[in-house]
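Student: Model the placement of chain C on the given structure of chain Z, informed by the hints.
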Amino acid sequence: MTSFRVRRPGARIDFEKPLSFSFDGQPYSGFAGDTLASALLANDVRMLARSFKYGRPRGIVGSGPEEPNALMQIEAGAHTIPNLKATQVELYDGLIARRTTGYPTLEFDLKSIGGLFSRFMPAGFYYKTFQNQKLWPKFEHIIRQAAGYGSAPAEPDPETYDHSHRHTQVLVVGGGASGLLAALAAGRAGLKVVVVDEQKECGGWLLSSPHSIIGGKTADAWLKAVLGELQSMPNVEVLTRTSAFALHNMNLVLAVEQLQDHLPLGARSAHRPRQRLHRIRAENVVLATGAIERPLVFGNNDLPGIMTASALTTYLNRYGVAAGKRVLLHTSNDHVYQGACDLVRAGCEVVLADARARVNPAWEKRARAAGVDLRLGYGIAYARGGRAVSGAQLVKLDAERNAVTGKGPSIDCDALGSSGGLSPTVHLYCHDGGRPHWDDEKLAFVVPATGRAKSRIYCVGAVTGEFGLQQALEQTQRTIGDLLASLGKPAGTTSATDVHTDEPASVPPRRIFRIPDGMREGHGKKAFVDFQNDVSAADIHLAVRENYRSIEHIKRYTALGFGTDQGKLSNVNGFAIAADARGISIPEVGTTTYRPAYSPVTFGTLAGLHADETFEPRRYSAMHACHVARGAEFEPVGQWLRPWYFPLPGEDMHAAVRRECLAARRGVGIMDASTLGKIDLRGKDVREFLGRVYANDWAKLAPGKCRYGLMLDENGMVMDDGVTACITDDHFVMTTTTGGAARVFSWLEKWHQTEWPDLDVYMTSVTDHWATAAIVGPKSRQTLAKVCSDIDLSPSAFKFMDWRDGTVAGVPARVFRISFSGELAFEVNVDANYGHHVWEALMDAGREFGITPYGTETMHVLRAEKGFIIVGQDTDGSMTPLDLDMAWAVSMKKPFSFIGKRSFARSDTAGPNRKQLVGLLTEDPEIVLAEGAQIIERTDIAPPVPMLGHVTSSYYSPELDRSIALAVVRDGINRRSDEGRKTGRDVLYAHAGGKAHKVRLVSPVFIDPKGERQNV
Amino acid sequence: MFVFFCPHCGENREEEEFGYGGEAFIPRPATPETLNDDAWGDYLFMRKNPKGWHWEMWSHNTGCRKFFVVKRNTATNAIAGSWTLSDGRKAYDAEGGAT
Chain Z
1 MTSFRVRRPG ARIDFEKPLS FSFDGQPYSG FAGDTLASAL LANDVRMLAR SFKYGRPRGI
61 VGSGPEEPNA LMQIEAGAHT IPNLKATQVE LYDGLIARRT TGYPTLEFDL KSIGGLFSRF
121 MPAGFYYKTF QNQKLWPKFE HIIRQAAGYG SAPAEPDPET YDHSHRHTQV LVVGGGASGL
181 LAALAAGRAG LKVVVVDEQK ECGGWLLSSP HSIIGGKTAD AWLKAVLGEL QSMPNVEVLT
241 RTSAFALHNM NLVLAVEQLQ DHLPLGARSA HRPRQRLHRI RAENVVLATG AIERPLVFGN
301 NDLPGIMTAS ALTTYLNRYG VAAGKRVLLH TSNDHVYQGA CDLVRAGCEV VLADARARVN
361 PAWEKRARAA GVDLRLGYGI AYARGGRAVS GAQLVKLDAE RNAVTGKGPS IDCDALGSSG
421 GLSPTVHLYC HDGGRPHWDD EKLAFVVPAT GRAKSRIYCV GAVTGEFGLQ QALEQTQRTI
481 GDLLASLGKP AGTTSATDVH TDEPASVPPR RIFRIPDGMR EGHGKKAFVD FQNDVSAADI
541 HLAVRENYRS IEHIKRYTAL GFGTDQGKLS NVNGFAIAAD ARGISIPEVG TTTYRPAYSP
601 VTFGTLAGLH ADETFEPRRY SAMHACHVAR GAEFEPVGQW LRPWYFPLPG EDMHAAVRRE
661 CLAARRGVGI MDASTLGKID LRGKDVREFL GRVYANDWAK LAPGKCRYGL MLDENGMVMD
721 DGVTACITDD HFVMTTTTGG AARVFSWLEK WHQTEWPDLD VYMTSVTDHW ATAAIVGPKS
781 RQTLAKVCSD IDLSPSAFKF MDWRDGTVAG VPARVFRISF SGELAFEVNV DANYGHHVWE
841 ALMDAGREFG ITPYGTETMH VLRAEKGFII VGQDTDGSMT PLDLDMAWAV SMKKPFSFIG
901 KRSFARSDTA GPNRKQLVGL LTEDPEIVLA EGAQIIERTD IAPPVPMLGH VTSSYYSPEL
961 DRSIALAVVR DGINRRSDEG RKTGRDVLYA HAGGKAHKVR LVSPVFIDPK GERQNV
Chain C
1 MFVFFCPHCG ENREEEEFGY GGEAFIPRPA TPETLNDDAW GDYLFMRKNP KGWHWEMWSH
61 NTGCRKFFVV KRNTATNAIA GSWTLSDGRK AYDAEGGAT
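Protein chains in written order, with my numbering: chain Z, 1 to 1016; chain C, 1 to 99.
In case anyone wonders, no lab produced these hints; they're calculated from the structure.
What you were told as hints is all true, and nothing was included just to trick you.
DMTMM-like, lysine to aspartate or glutamate: derived pairs with alpha carbons at most 25 Å apart:
1. K901(Z) with E23(C)
2. K750(Z) with E17(C)
3. K66(C) with D768(Z)
4. K750(Z) with E11(C)
5. K454(Z) with E11(C)
6. K454(Z) with E15(C)
7. K66(C) with E755(Z)
8. K901(Z) with E33(C)
9. K90(C) with D758(Z)
10. K894(Z) with D37(C)
11. K66(C) with D758(Z)
12. K454(Z) with E16(C)
13. K66(C) with D730(Z)
14. K192(Z) with E15(C)
15. K192(Z) with E14(C)
16. K750(Z) with D42(C)
17. K750(Z) with D93(C)
18. K66(C) with D680(Z)
19. K66(C) with E688(Z)
20. K901(Z) with D42(C)
21. K454(Z) with E56(C)
22. K71(C) with E755(Z)
23. K66(C) with D685(Z)
24. K915(Z) with D38(C)
25. K901(Z) with D38(C)
If you anchor each label on the Cβ, the simulated ranges turn out as follows:
26. E15(C) with R906(Z): 33 to 39 Å
27. G190(Z) with N49(C): 41 to 47 Å
28. G522(Z) with E15(C): 47 to 53 Å
29. R47(C) with L662(Z): 49 to 55 Å
30. D876(Z) with T76(C): 33 to 39 Å
A partial selection of chain Z residues facing chain C, derived with a Cβ cut-off under 10 Å:
31. L252
32. R281
33. S455
34. E714
35. N715
36. S746
37. Q753
38. T754
39. P757
40. S903
Virtual Cβ for every residue (Gly too), placed ideally from N, Cα, C.
Pulled out of the complex, with its shape left as it was, chain Z reads as follows (with noise of 0.2 Å):
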């Protein structure tokens, strides 16, 4: 046993409240109010991971959110998280741990077997060895089982998330000392503050160094002054296991609250969520983010027991758990000596080496009175142990280089813990553009303390630099009296006395991250700088060497500070190492780039209620219920559910389309049409409007009469089609494709508001409002007459073309004759509330025919035999109009020059050899090409072969009863012209998943080529 609890006032622990735990199957118990590193801790259990490359045994080194090696997988099942920092998991009753790391087990790491692959795994090992790409899948899965971390659940979330919008005067971003003075004197001038902090309580170091005095307060007492009043007043909101872990453009704070982890399993509430997602919008943003301790880097810096000095201090002071019996502590600053003499008081032996010779004499005199075995100008090269820290090794270091000088004693201890200095957690600060600067007497990148008073970002506290707990107070009261002022309130809402510590002033720490050992780097014990990736000292150096510069990339091909804890605690020493080994400054070295998330954030609580059936919307036709009932199978199409098509019982897919086809092709079929997009277009000018965005002309389509556009973008490419008809002069009505409908809406209203604002053009969008059922075949027309009396369906009255108002099973309807199927049709659309009414009733009056319901793979088919394109299918926003042989469609003698006519000149689209829309007929008939597949010339050559197309449409036509495709080839109408087919250039392969098949080259219209079938 060598950790043990200890009973310190002002510990947060409740010793009245044991719970019990497991880690790795088997049980321990701890306290209310203990996380689950210190109740590991105080359990003795010290090996808690295997490092990522070697195997190395690794136990706590920290306190928060820096943890690099307590990785945690909690719970089971679908309720698991992985690769949790057990620093930061509140322990409740039952939790179950298990270790992250460590393959086969944590007792015994394949890794670690001599050492066997710390010789063959340097920087860029994985660069190295798997530049041949053929070897990486084939150690793959080895080495990612070996390298360990946790596993995501493989069941759905059980757990729901929120989101929440919030909008703030002042966000108070960390709950220490310096935040809470903030948010007091920001509530107490009247502005509505919200502060966030991302441990259970406020109070940041304060929690663990209860001794300290504030304005003639102990911290737990001024702690619970200032709470007190702050939750006194409605205009604050203080929100605790919040963290901020992103600031973006305009002061947007992204945060995440834990509503629930840390709750046992059975008491979490089914109605609320996990987490919460405050999405902040401040006009002031106060960054009091705190600083983070960084260790020293020295041989065997990550044996079991070696922690950061604050997390030993923690540990003791917050948690009540000392973490050894003999303590040796290692320094390069004052932040340790306070906790130096805590530890005596708790009853260890405490032995400090501070770097420097000459120390603050304030704090030699508190720690040597304390009992505190003080070693002035010594550095520890080296600890030992095996699976803990037995000792250490110091080394006399010269009092101005930082060199070994003359060997130290050797100190037996229990558990180490250093402090290299501490570095401001600027993160936040840095995710909007900001950068740090390098502060070389504080030996730390921070952050301006004037913030950016443009941005309205405040930075206050330990982030600028202000490391002592009364000048952090200070620098606080001037900033937020600033603040204050800007916004024209009284600046002194809090005093001086109120900040008043009895703590001595620092002096200057040592400028040393890298403890020499007196050996060349490399040559020594392995001194880590990233505990998390197993980026030593010596593969920075090696880095170096092998010539990498910019920071960047020395982090890349290191992984230093990669992972879950993002180098928090290894990023500022790996600088200073990658300095010192180009013998450049560490400004010029620079960071890396701070990018959001700060903390790793779960995915359920970015998306929120954005899942499942929430994620989109879902859109059904008002005749969806008819469907369902008749027992369609659906496909979505943009947001829309579409009959796909309509089984009967025993048939497969390929039975119902051929019965649907026939039935269309020879009876009636009917289809749900209501899903393309509709707008209603009013206006003196919205023929000439149609002109200008359709290639086609409108200028002599009279009312009653409906035609086929194509509509184009600047560059000549087709970009949507449909029908539009003319009601009156002045007004018309536009169908889309059902996907481009909000597309093509937006595109008609830029070209409206930019460029013709003058066109008296009014546009709605009327997808929704009608409900369109499509009749199609030969029986259609008698079928219609059934259900309406007042429209002349004669083919001489009501023309191919036309479209009629009427009355359609006692609905005002409008009926277009037009048809997507080659076939004699009637599109039916009537007000969407009636929609279920007349499709019940179109179904009634075919009955006698035998009238089938069909869906969209039916429609594909029917489409397909008549070469109808489908655009986003077909065209690939590529092709022109005349690449898809629809030179029909297009009116070069209009006046004004429509939008992509110019582009047609341009010298690619008026080339030859371009792609063009041709039909394909397989030589075997029963083959059934697959869309995507690549045409090419010639099988009889190695690759890469030329493609010239590919296949865009493909099925089974039932009419032919033979396989038809569409397929887009270069020079392809000239091709399957008479003169391509003499010569045989008509004839070419078709390429998918390793065979290639003989296919020919036909028009794309493949049934019916004079269309008289529609003109009946």
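Tutor: Chain C only, in chain Z's frame:
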């Protein structure tokens, strides 16, 4: 995430209500047929893409559905203001048509 002032609605609204409309003030040539391929290609494809102040269009998609002009700094994302198309044109011309 931006907050834009919509000059038509007269309100500051969140970016998710808006859609990007590309560089502003690229008028469509009045007589495209008289342009050679290079000049037409410039109209189609060439954009200023500056590092710095940029006049661009946004549309208030889930609001008034109107296009308007924003002057935005592409390097800092600072926004100098937003205008209706016609007012924006005046402000743009007052600057000499480009910055």
